[in-house]
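Student: Chain by chain, the residues:
2 protein chains.
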Amino acid sequence: MFERIKSASQRLDGIAHKTPVFTSSTLNQKFNAEILFKCENFQRVGAFKFRGAYNSISQLSDEQKASGVLAYSSGNHAQAVACVGKLLGVATTIVMPSDAPEIKLAATKGYGADVIQYDPDTQVREEVAAELLEGKSLTLIPPFDHEDVIAGQGTVAYEFINEVSRLDALLAPCGGGGLLSGTAVASKNLNPKTKVYGIEPELADDATLSFKTGKIHSKPNPPTIADGTRTARVGDKTFPLICEYVDDMRTVSEEAIEQAVRFFFYRMKMVVEPSGALGLAALLTGAIKPEGRIGVIISGGNIDGPTMTQILSSGHFSEFG
Amino acid sequence: MFERIKSASQRLDGIAHKTPVFTSSTLNQKFNAEILFKCENFQRVGAFKFRGAYNSISQLSDEQKASGVLAYSSGNHAQAVACVGKLLGVATTIVMPSDAPEIKLAATKGYGADVIQYDPDTQVREEVAAELLEGKSLTLIPPFDHEDVIAGQGTVAYEFINEVSRLDALLAPCGGGGLLSGTAVASKNLNPKTKVYGIEPELADDATLSFKTGKIHSKPNPPTIADGTRTARVGDKTFPLICEYVDDMRTVSEEAIEQAVRFFFYRMKMVVEPSGALGLAALLTGAIKPEGRIGVIISGGNIDGPTMTQILSSGHFSEFG
Numbered sequence: 013m014f015e016r017i018k019s020a021s022q023r024l025d026g027i028a029h030k031t032p033v034f035t036s037s038t039l040n041q042k043f044n045a046e047i048l049f050k051c052e053n054f055q056r057v058g059a060f061k062f063r064g065a066y067n068s069i070s071q072l073s074d075e076q077k078a079s080g081v082l083a084y085s086s087g088n089h090a091q092a093v094a095c096v097g098k099l100l101g102v103a104t105t106i107v108m109p110s111d112a113p114e115i116k117l118a119a120t121k122g123y124g125a126d127v128i129q130y131d132p133d134t135q136v137r138e139e140v141a142a143e144l145l146e147g148k149s150l151t152l153i154p155p156f157d158h159e160d161v162i163a164g165q166g167t168v169a170y171e172f173i174n175e176v177s178r179l180d181a182l183l184a185p186c187g188g189g190g191l192l193s194g195t196a197v198a199s200k201n202l203n204p205k206t207k208v209y210g211i212e213p214e215l216a217d218d219a220t221l222s223f224k225t226g227k228i229h230s231k232p233n234p235p236t237i238a239d240g241t242r243t244a245r246v247g248d249k250t251f252p253l254i255c256e257y258v259d260d261m262r263t264v265s266e267e268a269i270e271q272a273v274r275f276f277f278y279r280m281k282m283v284v285e286p287s288g289a290l291g292l293a294a295l296l297t298g299a300i301k302p303e304g305r306i307g308v309i310i311s312g313g314n315i316d317g318p319t320m321t322q323i324l325s326s327g328h329f330s331e332f333g
Numbered sequence: 013m014f015e016r017i018k019s020a021s022q023r024l025d026g027i028a029h030k031t032p033v034f035t036s037s038t039l040n041q042k043f044n045a046e047i048l049f050k051c052e053n054f055q056r057v058g059a060f061k062f063r064g065a066y067n068s069i070s071q072l073s074d075e076q077k078a079s080g081v082l083a084y085s086s087g088n089h090a091q092a093v094a095c096v097g098k099l100l101g102v103a104t105t106i107v108m109p110s111d112a113p114e115i116k117l118a119a120t121k122g123y124g125a126d127v128i129q130y131d132p133d134t135q136v137r138e139e140v141a142a143e144l145l146e147g148k149s150l151t152l153i154p155p156f157d158h159e160d161v162i163a164g165q166g167t168v169a170y171e172f173i174n175e176v177s178r179l180d181a182l183l184a185p186c187g188g189g190g191l192l193s194g195t196a197v198a199s200k201n202l203n204p205k206t207k208v209y210g211i212e213p214e215l216a217d218d219a220t221l222s223f224k225t226g227k228i229h230s231k232p233n234p235p236t237i238a239d240g241t242r243t244a245r246v247g248d249k250t251f252p253l254i255c256e257y258v259d260d261m262r263t264v265s266e267e268a269i270e271q272a273v274r275f276f277f278y279r280m281k282m283v284v285e286p287s288g289a290l291g292l293a294a295l296l297t298g299a300i301k302p303e304g305r306i307g308v309i310i311s312g313g314n315i316d317g318p319t320m321t322q323i324l325s326s327g328h329f330s331e332f333g
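Chains as they are written, first to last, in the working numbering: chain Y, 13 to 333; chain W, 13 to 333.
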C-alpha cells in the first residue's frame, strides 16, 4: 500500500492542492506543545476526498471512463467524484442520503452529477447502488473500501510528514477508515515511531469498538453532528490496515466537536466541518494528551450555514481564555 | 516611505506571520481572470494591524516602553497594540468605542490591556485619548496616521508582491488609510504599472469623496457592517500618500460586502470580517472589472458569532452558482 500511496502522490501532483500546514500560538502556549494542522478543508471540493476520487477515476480504462462511474456517499466523496468526473470528462451518478447537508448535495449537482437520493433510515446505500449497477456498465467508486481510494487519501499524511518531518503523534478522523488507514500506512512507513490515532465521535464509535475487539462492529446512521463519520462500519479493506498500523482509537463528545469548530472559527479564522474538528476535539478534552509535536489532519470544511449558526450559538469565544 | 517599509519588513521578519496567498478556481473560472488573496485574516491577532503596531512600539526608546503606550481603535488596532505590548513587556491603555465588536474587546482585554470605553455617538476618541494623555507620559500609538504604522501596514503589499511578482491591479480596503497608503507606496515602488485601488463601503465613503475632491471629508460613525472602516476620515499623513500613489477609489454596497463574506465562508473555507471582504465585493459587483492578475488584500478575520450568523442567514451558498 505504501508504494501505491507514493504513486498516488505523483499522480496528484499539480492536480490536488498542496494544502497548507497551520499552527496556533494560542494553542501551543496553552498546551506547551506544538500542534500542526494539515488543512484539507482548503483542498479542492473542500475535503481530502478529492485525492482518493482522482486517484481512482484517473486510473480507469478509456472504456470504463466512457461508460461513467457510480458512487454513494454522505457528502464529500460525492462532491469529489462529481468534481473529478467533470475534470476528466467522465459521467457520474451519485447515490446520496436524503439527510446529507444541503451544501454537499448542491455542490455535487453543481459539478453536473446525476444525484439519486435515498432514505438512510429505511434503505442501505450499498443496496441502492447495487440496483443501479444492475444491467449497466457503470464502474463503482466506493467511498473508502478500495485500494486506489485508500492510497489517494494516504497522500494527505505522506505530503504532511514530508513537509513537517518528525511528529510524535498523528491524529486523523475515522468514518469508513479510508483516510485513517491511508494515514497510518504512510506515517508508519515514513517514521515507525510516530503514534497514529484514529478519532471518532462517541455517538459513532463503531471503528473504536471494532479496533478494540478485532471484529467489525456496525452502527447504522448514528446521530452525530459529524456527518462525515456517519458511515455504519469500517471496510473489509480498511479494517485490516487500521488493525495493523493504527496505535489506538479515541472518542470525543458532540460538545467537544462543536467547541473545536468554534476554536477554528474564532482563533484560526478557518471554516472546518464537524468531522474535520475531531482531532482538535481529542486534544481539547485530553482524550489525546497534548505533548510534543502533534500532527492533526483537518479532513474538510463543508459545513452549511444553519449548522455553523447552531455551533456558534452553543458557545462563546471567551471559552478559550 | 518605501525605505521605511523595507526596514519594517526586516523588523517584522520572524515576528509577524508571513501570511499565505490563496486562490479560488471557482472564482478564476467565473471571471476568466487570476485573483490572488493575501490572507491577513491569518495574521497574528487576526488582522494586518499587528504589523503597524509592532513596527511602531518596537522602535520606542526604553524610557517610552517603560512608561507605557496609549491607543484608540474600533477594534483590530486595539488588539494589535495590546498583543505587541504583551510581547514586548510594555503596558497598554486602549480607548475603544462602546459599540466595538465584543470579540475585539475581549481579545484586547485578554492581552492584558487597560481598556477605556467611550460612546462614539457623543464623544470623539481623539479627545478621550487627549484627556488620558494629560499629565501622563504615555506614548500615543495612533491607528493609522503615523509613519511607522503606515510603514508596518505597507509590509503586507511588499511581502505579497515579492511573493507573487507581477499584478495588474491591487485592491485594499480603506478605513483611515494606513493600509491603503502603505499598500500604494509599496506597490508603486515595486511596479509602477500595477493599478492600486482603495475600496470603501458606500455608507462610509469619506475617503472616496476626499480622493475625488482633493480635500479631506469626514463621516462620523457611519452605519456600515464593515466596522474596520467606520473611521470618520483619513489622516493628515495617509491622505497625501493616497492622493499621490492610489489610482482610484471604489465603493460597494452592504449587500455586496455580506455576499463576499459568504463566498469566503462557503467557497474558500475562510473566516473573513466584513472590512476584509471589501476587495472581493468590488470584484463581485463589477465596481472593479475582474481581468488579468489581481491581488486582493484580506485585511482581517475578526468577526463575532452573531454577525456571521446574520450574514449567513441573509444569503444562500447557491448564490455562487
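Rather than coming from a laboratory, the hints here were simulated on the basis of the structure. Check the hints yourself; a few may be wrong.
For chains that are exact copies, the list does not tell them apart, and a pair is met inside one copy or across any two.
[What the hints assert, rightly or not] Here are the computed lysine-lysine pairs in the DSS-like style, where the Cα-Cα straight-line distance is at most 30 Å:
#, residue 1, residue 2
1, Lys77, Lys205
2, Lys148, Lys205
3, Lys224, Lys301
4, Lys30, Lys42
5, Lys121, Lys227
6, Lys301, Lys98
Student: Each hint should be assessed against the structure and marked as holding or not.
Tutor: Hint by hint, here is what the structure shows:
no. : hint              : in the structure
1   : Lys77 <-> Lys205  : neither (41 Å within a copy, 47 Å between copies)
2   : Lys148 <-> Lys205 : neither (47 Å within a copy, 58 Å between copies)
3   : Lys224 <-> Lys301 : within (20 Å within a copy, 59 Å between copies)
4   : Lys30 <-> Lys42   : both (28 Å within a copy, 22 Å between copies)
5   : Lys121 <-> Lys227 : neither (37 Å within a copy, 52 Å between copies)
6   : Lys301 <-> Lys98  : between (43 Å within a copy, 28 Å between copies)
Against the hints set out earlier in the document, violations occur for numbers 1, 2, 5.
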